[in-house]
Amino acid sequence: MKLFVSTALAMGLVVGVAQLQDARAESTGCGLGTTLWEGKSGIAPQVLAVTTNGTLGNQTFGITTGTLGCNQNDVIASAEVRQLAAANLDNLAKDIARGEGETLASLASAMKVDGQDQDLMFVTLKGNFTRIFPSDDVSADDVLVSIGQVMAENATLARYLEA
Amino acid sequence: MGTAHVADGTAGTAYPADPAYLQSLIAQASERDLAHHPGWLALGHYRPDWYGESVHSLVDSPGFFLAGRGKYHPEAELEATLRAFFAPPVAGDGDDDAQHPQCAYKARYGWLKEELGFDPARLPEQPCPAFEEWAGTIDADAATLIFPAAYMNNPASMFGHTLLRLDRADQTEDTRILSYAVNYGAETGTDNGLLFAVLGLTGGYAGTYSVAPYHELTRRYSDIENRDIYEYRLDFTPAEVARMVEHLWEMQGQWSEYYFFDENCSYQLLFLMDVARPSLDLASAFDVHVIPVESVRAVLGREGLFQGAVFRPSGQTRIREGFDALTPEGQALARGLAEGTLAPDSPEAAALPPAGRAAAIELAQSLVTYRMETGDLARDTAADRAWTLLAARSRIDAKADLPPVETPATRPDQGHDSARFGAGLGLRDGRPFAALRLRPAYHDDLDPTGGYVPGAGIDFLAFEFRHYDDGPAITLEKLTGVGIRSMTPRTELLQPISWWLNTGIERLRVRRTAEEGALIGVFEGGAGLSYGVGERDIWSATLDMGITGGEDCDQTCSVNAGPALSLLWPVTDHASLTAKARYQLRFGEKTRDRWALRFGQSLGFGRGMAVRLEAGLADEGGGAQEELLTWVDWYF
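These protein sequence lines are chains G and Y, in that order.
Numbered according to my numbering, the first sequence terminates at residue 163, and the numbering increases by one at each position without gaps.
Numbered according to my numbering, the second sequence terminates at residue 636, and the numbering increases by one at each position without gaps.
From the structure, some residues in chain Y lie toward chain G, with a derived Cβ separation under 7 Å:
#	residue
1	D174
2	T175
3	I177
4	L178
5	E216
6	R219
7	T369
8	A383
9	D384
10	W387
11	L390
12	A391
13	R393
14	S394
If you want the ones that stay clear, here's a sample from chain G, every Cβ over 12 Å from chain Y, calculated:
#	residue
15	Q116
16	L120
17	V145
18	E153
19	Y160
Derived pair list, reagent style EDC-like, types lysine to aspartate or glutamate, alpha-carbon separation capped at 20 Å:
#	chain 1	residue 1	chain 2	residue 2
20	G	K112	Y	D174
21	G	K112	Y	D141
22	Y	K580	Y	D593
23	Y	K399	G	E100
24	Y	K399	Y	E329
25	Y	K113	Y	E31
26	G	K112	Y	D139
No wet-lab data here; the hints were simulated from the structure.
Quick reminder that beta carbons are idealized off the backbone N, C-alpha and C, glycines included.
The shape of chain Y in the complex, shown without the other chains:
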């Protein structure tokens, strides 16, 4: 933050600021306990300690604090801030190194001025030309929360990301890409996954705010990553948005240790909203919910804050929907053009009416660009083909016959909550048991599909415990450490690979006499193809491989491989059916091959609850055993 130096309180004699007035302001602030006002706590990113009454700031860069003890003492920081505001005017024309504390801490100044009613005669207000120029460029008038949803075929992206767009007063639906958006993230400087994981867990990265034109972000999310974006207009007043911009200014160069699980992108954006309107206290709501989509829910849940959502389809969605809207001739032409087997001036193209031809050419060009970005088409070929298509398109004097993409019925924020608790009853080979399960995140095939990408799922730290009527008090049935599924149907245009992986602990029934089964560790995965026959069903075939090992090692330790067939059919946003058949060759000391059949169906009631029924038949080495299980699940 340049040299936003602390004044020592004995300001220069030539300066009209009044030291007595400083003491009076400090006294006033102390009397009203402004240091513990939600507004001041938000400005300093203060959060309560785990224990007791005290607070600490999440900001870790020492330059942020004017008081030496500022990180832990909001009252000391407030006093030091007031003192700094009385510093003599800086020389020069307001470039960085000469920034007055009133400018360097623009939002603090604005807030304290409002709260304490600064008298400009006794505390002259300093000009802040650098800030004014910067804020003028951003030109913010309103705020919109931006949520890039999961990408197809990348379930990891389900955790999502959030941004805050600073809208301009005169922008339209078409020109909103010119406005600026705030991102909070870490400069990782590495693509090394392991290093990234370790540093991300330990706060080894410095998180900072950044500001970029929205069109750079839509280019990344819509065009390159192919994520649909949901834009949630928020009801902040221009004055509140101005305070956000001031705070961004004072946060530049300041950083916090970035923790993937809590002090992440979403959390820090909430501070920005709390600074704008302290009564929201959104940061508290997020202390227990750390997933970006949950921060979206927290924000939208605040009375009167949510004004409406806009759906911005990704490049891939537009291609998919556009293609569906074409006539069969148009589809054949678009495919041929994209693959280079047809030319834009071919008889097939001439046979179509201008609007249909324009639509086919536009889609073909999108497809060429898409394939280049997914790496399926070399840039040289793609560029030449795209250019030829666009040149041909520019010669057609008609609008393309393409309907707008429809907004999905259920938005991600309307999907079920991320954490799940379930209670179940079941029978295993006639032996009754009760079961409990808990999963902090996130979504599996039988959870209600609304707001989620069909076929994509992540289970994270999912525990399941059982108590058999005549058995030990409690047994661990299963712990899914991480389970990821990505079953994406292939179409004529888009041909993704489906894949899944699972790592955790489960039970293997290797002997009929030990129905609790052997506790084993599992690491497995598979890849294959998925197709949809109807509108929503997904049929998948994968070839799986894995390793297992644990209790009764001679019978459980093995390398496994084999095929699996599955059906996932989210009949509606609330009801789903699944079926799965699996055979595994097992290579171990005394292991035998295993097979399994499993059916499931579920029915959701609102966002908060669902019931499901599962039936399985499997031989895991101890002969075929059946299992029937019914669950009631709550989402929270």
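Next up, chain G with everything else stripped away, as it sits in the complex:
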């Protein structure tokens, strides 16, 4: 009986694996999570700074997102933009192909694109899908660089690139 109860308790714990793992911290990647806790040193702040780079599973696009935010490319992107693109490259690809969606809207918002220019941005990116995603093997950084190039060709959209 006692054995059974303790076995049952132990099994109940296994049930909680998913829950604890929800929050399991991996080594901190680059990206905003790092800058968020900038100035903090030691292991504990890294736990807090954790971004889920590397724990977000495979995405169909973007195998090289691991370096995102670690090198200074001449891209449009703030840390917030990069982190969004890296974590949600599949969703971003889909939204650009559709010309709508929350990932695209959030990208526009993070790039501080005014509401009245967002439709133009969405249509422009949609029309250039195959330039932004030239293959199924692109990195989030490449995608952001291409988005910057596409927007730079449009006088209205170009002014959002200085950020």
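Use these hints to put chain Y onto chain G, whose structure you have.
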């Protein structure tokens, strides 16, 4: 926490802070017993001891306390905190190692300043550039409780998880994924299930708060784990939310021993809300209820706190609902595109109007991504196919013809409470008995379905006792240690395996003369397929295996295997029907095969009560015996 060192009270002479003022503040705090104010107790994560009047803090990292006895003495901690605030200004530009205690303990400072009305002339306020920059990035204005619901086909996830999202003032429905969310969890560093279980039970993991963009969390919960998310907007003022952010800042690097059953993710988020508004005292409400969905109920139950819920369907839900909304031609196209048997420029695609074609392509791409994430499709194939589909989608100048996903009628927080107590009367082969049962958690097939995933259930530590009219005073009829069922219907698109397992103690009627039966231990499980014929019915066929053993071992100790057929039909959110037939070959010394038929139906009244009727006919070795049983169950 860097070096948030304790000042010794004899602050540097060049510093204008006034030692006499410190003594006056300490006296004031003591006079008003601020150390036992709900606000201070929440800031220190203090909870009452099991016995007596004293308290202890749940925080286990020594660096959190400024007083040596701080973990057990909130008054000593308060005094030490006030003393630390009088420390001389730090050199440098405010990076971590030079953080002033007023900054390191930002929420304490804010709360005490309000309570005691600090005079800035006698206690100069220190700049906190590192904190300001951090809080500015989070930019919180409101708070939303996030509850990722159970995943299909993973009943373990029924216990759920909670997060707190810190919303921005200017966010919209579309840009809310840019806001930050607070998670509380443990760094386990292992995927070893046993080690995990042991450490989780004994507090061997250190739980900490973490902050991440909401889009990283939705990616995990909506796209990878396919859990629907419920977002509960809470009525915290911007000032209260600011206090939460301050507290998060002072909690960084601090940890508590993580116990799966009580000091878990949900519990610690409640402290955050208590810090924001001490009068809520949510941590007390959770002392008896430890399941995350119960913390959601506790929060929503507070007067005026709940402002409305938003349903965020998972990737799988969107695929399922979207597919149902397509025309038959659209469905055939979506399937063909996802499987790679049709190309986006095929005549079948061209035959559809642009909006229908766009919808089919979008769904096909979602399905390809979904199958890659479930491991059913290799990444190389999936990436190529998804890219081709999206490129084709970008050339269609129309919005997809897809309706928004409807919000379920009953949210998880509106489902029945997790604990159940039942009283029953029955007849076993004409012999009357009375029965009582108690189950701390969580949900079985006949409990009201509203708010739960149909076909999914967990029983945990469910006891059932009986008293036969002419028998011994009380007998244990059954103890289900853990029982899990996951009967998920297969569709053309999604093909999950159904499975169940059960471990516990039950009775086996091996002789007609001993109707109480032999007490045996059971470990069994099965796997198979489920289908739905109508809207809500689930028909399942499984192949089961198990081992049993106990009293009368020659007749009960055996390895068992055999088929089972079952029907679960939650006719409404409150009424369910079940039927089950089972045959088992038993391999033991003197064992005989067994079979069973069982029917059940239930009717719920509100969230708190249900009645059910069960009828069974079974031969467990002692000849066919019938059982009739009626229950009244209360949920609490």
